[in-house]
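Please arrange chain B on chain A, whose structure you already have, making use of the hints.
There are 2 protein chains.
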Amino acid sequence: MSIIVQKYGGTSIGTIDKISKVADKVISEKNNGNSLVVVVSAMSGETNRLLNLAKSINPDISGRELDTLISTGEQVTISLLAMTLAKKGHKAISLTGSQAGIFTDDIFNKARIDYINNLPIKKYLDLGNIVVVAGFQGITKAGDITTLGRGGSDTSAVAISVALDAKECQIFTDVNGVYTTDPRISPGAKKIDQITTEEMLELSSQGSKVLQPRAVEFAGKYDVGIRVLSTFEEGTGTIIKKENDDKMEKAIISGIAFNKDEAQLNIRGVPDQPGIASLILGPIADLNIDVDMIVQNVGEDGLANFTFTVPRNDYKVAMQSLKESSKKLQAKKVKGNNEIVKISMVGVGMRTHAGIASKMFSVLAENNINISMISTSEIKISIVTNEDNLETAVNVLHKEFNLDK
Amino acid sequence: MSIIVQKYGGTSIGTIDKISKVADKVISEKNNGNSLVVVVSAMSGETNRLLNLAKSINPDISGRELDTLISTGEQVTISLLAMTLAKKGHKAISLTGSQAGIFTDDIFNKARIDYINNLPIKKYLDLGNIVVVAGFQGITKAGDITTLGRGGSDTSAVAISVALDAKECQIFTDVNGVYTTDPRISPGAKKIDQITTEEMLELSSQGSKVLQPRAVEFAGKYDVGIRVLSTFEEGTGTIIKKENDDKMEKAIISGIAFNKDEAQLNIRGVPDQPGIASLILGPIADLNIDVDMIVQNVGEDGLANFTFTVPRNDYKVAMQSLKESSKKLQAKKVKGNNEIVKISMVGVGMRTHAGIASKMFSVLAENNINISMISTSEIKISIVTNEDNLETAVNVLHKEFNLDK
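Chains A and B supply the protein sequences, listed in that same order. If you count by our numbering, then the first sequence holds residues -10 to 394, one letter each, in order. If you count by our numbering, then the second sequence holds residues -10 to 394, one letter each, in order.
Everything labelled a hint here was simulated from the structure, so no lab data went into it. Please read these numbers as outputs of a predicted model, since none were measured by experiment. Positions of the beta carbon are idealized from the N, C-alpha and C atoms, including for glycine. Be aware that one or more of the hints could be misleading.
[What the hints assert, rightly or not] Taking lysine-lysine pairs in the DSBU-like style, the calculated list, with each CA pair at most 35 Å apart, reads:
no. : chain 1 : residue 1 : chain 2 : residue 2
1   : B       : Lys111    : A       : Lys44
2   : B       : Lys44     : A       : Lys77
3   : B       : Lys394    : B       : Lys230
4   : A       : Lys14     : A       : Lys111
5   : A       : Lys77     : A       : Lys111
6   : A       : Lys156    : B       : Lys130
7   : A       : Lys99     : B       : Lys130
8   : A       : Lys130    : B       : Lys77
9   : A       : Lys112    : B       : Lys111
10  : A       : Lys44     : A       : Lys10
11  : B       : Lys305    : B       : Lys316
12  : B       : Lys19     : B       : Lys80
13  : B       : Lys111    : A       : Lys99
14  : A       : Lys130    : B       : Lys99
15  : A       : Lys44     : B       : Lys10
16  : B       : Lys249    : B       : Lys179
[What the hints assert, rightly or not] Computed footprint of chain A on chain B; a stretch qualifies when at least three of its residues, placed anywhere within it, have a C-beta under 8 Å from a C-beta of chain A:
no. : stretch
17  : 39 to 49
18  : 68 to 77
[What the hints assert, rightly or not] Listed next, with one range per pair, are the computed distances between beta-carbon atoms:
no. : chain 1 : residue 1 : chain 2 : residue 2 : range
19  : A       : Asn302    : B       : Asp154    : 47 to 53 Å
20  : A       : Ser51     : B       : Lys388    : 55 to 61 Å
21  : B       : Lys388    : A       : Lys44     : 51 to 57 Å
22  : B       : Lys317    : A       : Met(-10)  : 49 to 55 Å
This is chain A alone, in the form it adopts within the complex (with noise of 0.2 Å):
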């Protein structure tokens, strides 16, 4: 029999009747003739509602207590659907992390997998259970409780996967599919039915939020296939592979993603020196802020400029950071942005495709849309612009490069 793993998130099991009708789809999917693992988050709402008990406590709570408390969801939830696939006929067994046997460094809050020991699952399904896991969760080599970090759960259920030679990887959530862009944004957003594991990495970083992008990492690394499904309706989802299929199709442009949560700092006439670049992100670093796009180049002057992103969140403490820098470095100008939206494109065919970056700069410009940053890799090119261009941008974007069709 092959094994399939599935996972379903905290809005999928938030409530008895949900938990009930996922227990339909799992029992529908082994009465395929399939040997069943789940792994399931926590019930939408209940790692808020501990995190808030935590931060009652302590505002800035971290560390080892707080996987304790906040793993205590998962565990609901799995003795509920174990529960539930019992009551409806089904032999099923719940294991927690520390009993699945998935070893995790021991950085609290954000801990990564070691290791699955895959007997205790093997053992279980050997003897015909479902097989319900707490994702999100797992345990250090010294017996101690961690979580993963926030969307864990997508990583757990790839990392069984592997552990286990899984046929696929099913990930139900609250859409059916990876869309070409946000249909809230795009009308004309199409379901992807298939999309090379580096490009949902880039899609999934750049801000489309269907999958961790750790997860995908994982499954790329480890040749998994995933398949994104939506646990409310029918479909066949989106089917994430490593791109080694030859008969895969390869489109030029595979998606548009977006993301909001960024603002742009800028420092102006520096001495065009070494080290300049450290000297300027070295203290942003050391406030414990992540740097997404970096672009530095030279003016007529001769002095450089150097533009970044952070965290919006982030932003004014960055700003001050950059001021106190900008004295030390005798800068011309500090400026910053905090209502930009970076826009990337996605796709493996723009390795063979040349032109595509300036088609994309040409249709923005025709659409008097300004901008302020550019950031490219092998398969994907972003901008950032301002918020209000958001809408326009990614709509003739879709539809300049066919994404519609």
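What follows is chain B alone, placed relative to chain A:
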């Protein structure tokens, strides 16, 4: 340093504010120079909330998954208390039943502790931590989560005290000690300073709900001193010790307990022959109904009368079964009463003082209280009477035996 084990029940830690007050009590005992292990229950209401979720899936739910579910209740409180202690500047660590090495048998929902591996707790105590352990739960050798049944946290605390050779096991509750009887029934009820485990065992199994009988039994077996204290007011509480202390004051009567949760069944005029008791009680036991008091005697007609008590909830089912047995046994009459109360006087002094029983009966007779059953043990006399008589009976006995002095 001496080790003190403290246990706080659900009402003591029902809110974040109460957890903060508990933390203060823990810290104050630590500041007395002791090593502290704190055993906690789930926040009040939480176990019922989880149980209701499970029952909405399956009203007859029991077994492994139920324990996985409800054990999350304590896991939440251990982490919250450890966070609170840390916030107040004290090194603290939480341990689930599994992490604390509390191994049980695999009778889910009412497991018994087999042994405790005291190394994890000792290790963390040696590192200067206040160790917060989840009560009520353990783990089987196979790694399944178990719970000890309602009130099991008391047993956890006593078992941990034994495993650590603790100086004292302090059970914090919402009363400030063990009373000669229920103060709500008898305003003259007095707190008992010291009581033997045997007496406490009789009192608690007879309806004094301060301590779980199993915990008292455990403490008696391994000679651990328990102190019952109030979470909410200062005081020295009640010490419960094995009767091996010569200086221990031996009261003739320690206290009066009562139990309104039983019902009485009576079958009259059955042939007085060997095996008759099992013919009557066998079918009741087959229905999983616990029989408490049993009285059999033979009337003038040479026929036997047989009376016994069952939990009041099981009254109807037991009566139905008894009526069926009655036909088979050709009994003359079947009667029942589900408005009874069992009143018990307990005291090690009974062993050496004659006439306690007859004094009890005559006091009750003087007050027109009719006794329908009597049962005695070495340190206890129990009678059954109509529920209406409860208050009068307890008060006149309390006075007659000078418990209010």
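Would you pick out the hints that fail for this structure and give their numbers low to high?
Violated: none.
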